[in-house]
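Visitor: Below, each chain spelled out in residue letters.
Protein chains: 2
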Amino acid sequence: MSVADELLKANEQFVKNYNLGDLAVRPRRRLAVLACMDSRILFERCLGLKPGDAHMIRNAGGIATEDALRSLIVSHHLLDTQEFIIINHTDCGLLKVREDELKTRLAKKMGTGAGAPAHFHAFDDLEENVREQLRRVKSHPWIPKHIPVRGFVYDVKTGALSEVEAA
Amino acid sequence: MSVADELLKANEQFVKNYNLGDLAVRPRRRLAVLACMDSRILFERCLGLKPGDAHMIRNAGGIATEDALRSLIVSHHLLDTQEFIIINHTDCGLLKVREDELKTRLAKKMGTGAGAPAHFHAFDDLEENVREQLRRVKSHPWIPKHIPVRGFVYDVKTGALSEVEAA
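So the sequences go chain by chain: X and F. Add 1419 to the 1-based position in the first sequence for the working numbering, that's all there is to it. Add 1419 to the 1-based position in the second sequence for the working numbering, that's all there is to it.
Treat the hints with care, since some could be wrong.
One copy or two, either will do: identical chains are not told apart, so a pair holds if it fits within one copy or between any two.
Calculated lysine to any residue pairs in the SDA-like style (CA-CA distance at most 25 Å, straight line) [as the list claims (entries may be wrong)]:
| # | residue 1 | residue 2 |
| --- | --- | --- |
| 1 | Lys-1435 | Pro-1567 |
| 2 | Lys-1469 | Ala-1579 |
| 3 | Lys-1435 | Ala-1533 |
| 4 | Lys-1564 | Phe-1433 |
| 5 | Lys-1428 | Gly-1471 |
Don't read these hints as lab results, they were simulated from the structure.
Just chain X, same shape as in the assembly (with noise of 0.2 Å):
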C-alpha cells in the first residue's frame, strides 16, 4: 500500500469522528506562522494550535522568498491574520548542505541544469536565519509595519522554542 493510501484511511476515521464543527476561513486567532516543511515540527503539539487557529506557510528552511512573502500578503489582506511568526529548527537540511555544492551534484545526477531553483536557500548561521527572514519580512512595502513579527527556533531534541531578538 502506498503512503497516500494509507492517509486516505486514516481519513476514513477522522471523518466518522469528525468534530471540529464549522471553522470559518479566517483564522481564529489571527496568527500567520511561517516554518521549516521540517516533519518533526508539528504545530497541534508543540505550540498548542487548533484547527482553525491559525495560517502555516512551509518550505525548506522556513525563508521568507517571494512566494512565502505572497502567502503573508494573502493571510493578512485577504483573511485578516494580525501576527505573524517564523520558526527555524536546528539540525536543518539545509544547515548542512553548501548551495553551489548542491546546484553541481544535483545537475550531474539528474543530467541536466534545467529546472535548477533560482536559490536553495542552503545557509550556516541558524539564528542569523531567522533574523534575515525577519528584515525580509519586516522591510517588504506590502506588510503593514503595525504587524508583529517574532522570530524563533524549535530545537528537534527537546521540542523547545527559543525566541531570535531581530538585530
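Dock chain F against the given chain X, drawing on the hints supplied.
Guide: What follows is chain F alone, placed relative to chain X:
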C-alpha cells in the same frame, strides 16, 4: 498577551512532557505533502500523520510554485522522500478573488505597487487547479518520473479527502 506569547506558554508545557524520542531529519514515511496554508487542515488529525512522518510544504492555495518545487527537490534529493501528495481544499480564499482585481486593490490600499507578487495564484476551478499542480510537479526535470504524485481535495465541512485524477 500576544498570540506568540500564548504559543510560548503552550510550548513550555509541551517541552515538560516531551516524549517524541529521537526523530531523524529524514521523514520516516518518506512522504512530502504540498498543501494550502489554510488553518483548518491539521495533518495530524486529518491524515493520521505523526511527528517525523512527512515533510509539510504549505503556501496560499497549495500551489506548485517555484518555491514549492524547490522544497520538493530538497525533500527528495537531500532527505529521500519517495512519494508526493498535493492537497487543495473547498472554501479556499484564492477561489473567491480575481488576480487583477486583487493586485489593483492592494496597490491602492498600500499606496504602492512595489512588492506586489508576480502572481497571487487565484483560481476558479478547484479540481482543475489540483490537476495543474500535478502537471507542474510531474513535468519538472528535477523530479524523477518514478515518484508517485497524487492530488486531493480536502472538504473543510466534512474533513474528507477526495482524489483528483490527473488529466
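Visitor: First find the shortest C-alpha distance between Lys-1435 and Pro-1567 inside one copy, then the shortest across copies, and answer within, between, both or neither for a cut-off of 25 Å.
Guide: neither (39 Å within a copy, 27 Å between copies)
Visitor: Go through the copies and call it for Lys-1469 and Ala-1579: within, between, both or neither, with a Cα cutoff of 25 Å.
Guide: both (19 Å within a copy, 18 Å between copies)
Visitor: Between copies, within a copy, both or neither: which fits Lys-1428 and Gly-1471 at Cα up to 25 Å?
Guide: both (23 Å within a copy, 19 Å between copies)
Visitor: Pop the pair Lys-1564 and Phe-1433 into one bin, within, between, both or neither, using alpha-carbon distances up to 25 Å.
Guide: Result: close neither inside a copy nor across copies, 40 Å intra and 32 Å inter.
Visitor: Up to 25 Å between alpha-carbons, please classify Lys-1435 paired with Ala-1533: within, between, both or neither.
Guide: neither (45 Å within a copy, 48 Å between copies)
Hint compliance for this structure: hints 1, 3 and 4 are broken, all remaining hints hold.
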